[in-house]
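For the protein sequence lines, the chains are A and B, in the order given. The working numbering applies: residue -12 is where the first sequence begins, and numbers increase by one. The working numbering applies: residue 10 is where the second sequence begins, and numbers increase by one.
Hints listed in this document are in silico derivations from the structure and should not be mistaken for laboratory results. Please note: incorrect hints may appear among the correct ones.
Just the calculated beta-carbon pair ranges, DEER-fashion [as the list claims (entries may be wrong)]:
#, chain 1, residue 1, chain 2, residue 2, range
1, A, S166, B, A282, 39 to 49 Å
2, B, G184, A, V52, 19 to 29 Å
3, A, D58, B, I88, 43 to 53 Å
4, B, Y115, A, P57, 14 to 24 Å
5, B, T236, A, D100, 46 to 56 Å
6, B, V99, A, D193, 45 to 55 Å
Take a look, some chain B residues computed to stay more than 12 Å from chain A by CB distance [to be verified]:
#, residue
7, W58
8, R62
9, S64
10, V99
11, A120
12, F148
13, N247
14, L260
15, I271
Note that the structure is a prediction, hence the values are computed from the model and not measured. Where a beta carbon is used, it is the ideal one built from N, C-alpha and C, also for glycine.
The residues making up each chain are set out below.
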Amino acid sequence: MSTVEIRNLHKSFGRLEVLKGIDFTVESGQVVCVIGPSGSGKSTLLRCVNLLEQPTSGTVVVGGVDLTDPDVDIDAARRRIGMVFQQFNLFPHLTVRRNVTIAQERVLKRRKDECDRVARENLEKVGLIEKIDAYPPQLSGGQQQRVAIARALAMNPSLMLFDEPTSALDPELVGDVLSVMRQLAEDGMTMLVVTHEMGFAREVADRVVFMDGGVIVEDGPPEQVIADPRHERTRGFLSRVLHPGV
Amino acid sequence: MSAVSEQQDTSPAEPRKGLSPRKKQRISRGVQYAVLVVVLVVLAALADWAAIRQSFFNLDVARQGLPDLFTVALRNTVIYTVSGFVLGFVLGLVLALMRLSSVAPYRWVSAIYIEIFRGLPMLLIFLLIGSLPLAFPGFELPGGVYGSAALGLGVVSAAYMAENFRAGIQAVPKGQMEAARSLGMPHMRAMVSIIIPQAIRIVLPPLTNQLVSLLKDSSLVLILGVTAAQVELAKFGNDQSSTFANPTPILVCGLTYLLITIPLGYVARRLEARQGAGR
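Next up, chain A with everything else stripped away, as it sits in the complex (with noise of 0.2 Å):
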């Protein structure tokens, strides 16, 4: 069964045309790792997926449902579909606890005993339990990523999306973030991730697609697509990503 199918997908900011055209789908259980240079298309294609970016003309469907139908309630389709950002974009004002609680509480309504229960088991996932009552500011970019990731996965979503969820750390922060998402795909979550870590790519994706000029130009198998690419595109972003200065 497919989580992600999408259909004809065109994306343009004004006169700029960002996605020429994307059919691609990913099916239950699977990581598909996105990557390409950037202004290739790739960050706008996954904020489409849960409509953040209102697609200009296609189709996006997430769990059968479709979200470009003007009748289809947003809001719950969102319950379905985590997202984690480049910036964390936790809530500031709220501590750790309350960040990971209050959509629970507020959009599914659950009881706060429940929300508490839910908060814990998933902080304890991520490695943070011991920093639930911090705020956000008071931790490192890693620490809060991590929470962010904690924060998504409060809300039992069946899809998990990622949006360069390690190009803002320390490079010795990235570990951390990897070593949970890894976790989590070994726990079966469906998960689509734009990124510039070919070493999680090639490790952890069933799939991982290759996106230039707002096209998909390369889709298959890591050890197809990062190993032995078959188009000149690909091989020419690979060589500068994996042999930077050569």
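Put chain B on the given structure of chain A with help from the hints.
Positioned in the frame of chain A, the structure of chain B alone reads:
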């Protein structure tokens, strides 16, 4: 070649024509002190100190104002100010949300309201409110003078606070709204739970300054015609000074205003500094 470089080397050390900048500065400072001393001496010589003390620092007259100065006048000033602030806060927040609405007519209504009420003197607003019963016979604002005062101070401060709130809401990073929406929060819920609490923190310093100017503007309540029990600081001082034919109470009331406005201004500056330091 060597002659040229020698000339260049010696030129900075050559004595200048006229005074050096440092000397000029010293003379200028000396002149400023001299002017200050002369002004003080002249003032001291010309002023009638006994008359000044009798008029403005008359402790006997000042004592007559107690305890009503605090229990009636200051109390009423605070009531007028706080009620006007609360009304202005709520109305201002609504206007700010209207100003940022995706529904164009809301934006227009809010923009027109803000332009009008920022452009009118507070005194004129109070004159208008005072004449409401004339325009609508039988109409009476709830709360009498207290209601009218809250309305006058509220509708004007709402216009200023709306602009503060709008700036504050726009200063909250876009990612906050995106994160809230991606958790399935509807737009309004995200505004109330995530954006507005952060916006209020951002606009705390300008809101404190708004409170200070409301406190001063509450003196205009006297236009509404108040009873002895409803009197606020400025009118209280004025009444007392007519009673005793002595302006000391006006000065005392002024000091009472400063008792509140100076600490509030200090709080506003502290909040500003803390914000500048954080994030």
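Hint check:
1. A:S166 to B:A282: 39 to 49 Å: Given a distance of about 41 Å, which is inside 39 to 49 Å, the answer is holds.
2. B:G184 to A:V52: 19 to 29 Å: The hint (19 to 29 Å, Cβ to Cβ) holds, given that G184 (chain B) and V52 (chain A) are roughly 25 Å apart.
3. A:D58 to B:I88: 43 to 53 Å: Since the Cβ atoms of D58 (chain A) and I88 (chain B) sit about 52 Å apart, the hinted range of 43 to 53 Å holds.
4. B:Y115 to A:P57: 14 to 24 Å: 22 Å, holds
5. B:T236 to A:D100: 46 to 56 Å: 55 Å, holds
6. B:V99 to A:D193: 45 to 55 Å: 53 Å, holds
7. W58: Given a closest Cβ separation of 56 Å, the condition holds.
8. R62: Holds, because the least Cβ-Cβ distance between R62 (chain B) and chain A comes to about 54 Å, which exceeds 12 Å.
9. S64: Holds, because the least Cβ-Cβ distance between S64 (chain B) and chain A comes to about 53 Å, which exceeds 12 Å.
10. V99: 21 Å, holds
11. A120: 25 Å, holds
12. F148: Fine: 42 Å to the nearest Cβ keeps F148 (chain B) off the interface.
13. N247: 45 Å, holds
14. L260: 44 Å, holds
15. I271: 30 Å, holds
Going down the numbered hints, you'll see the structure goes against none, and every one checks out.
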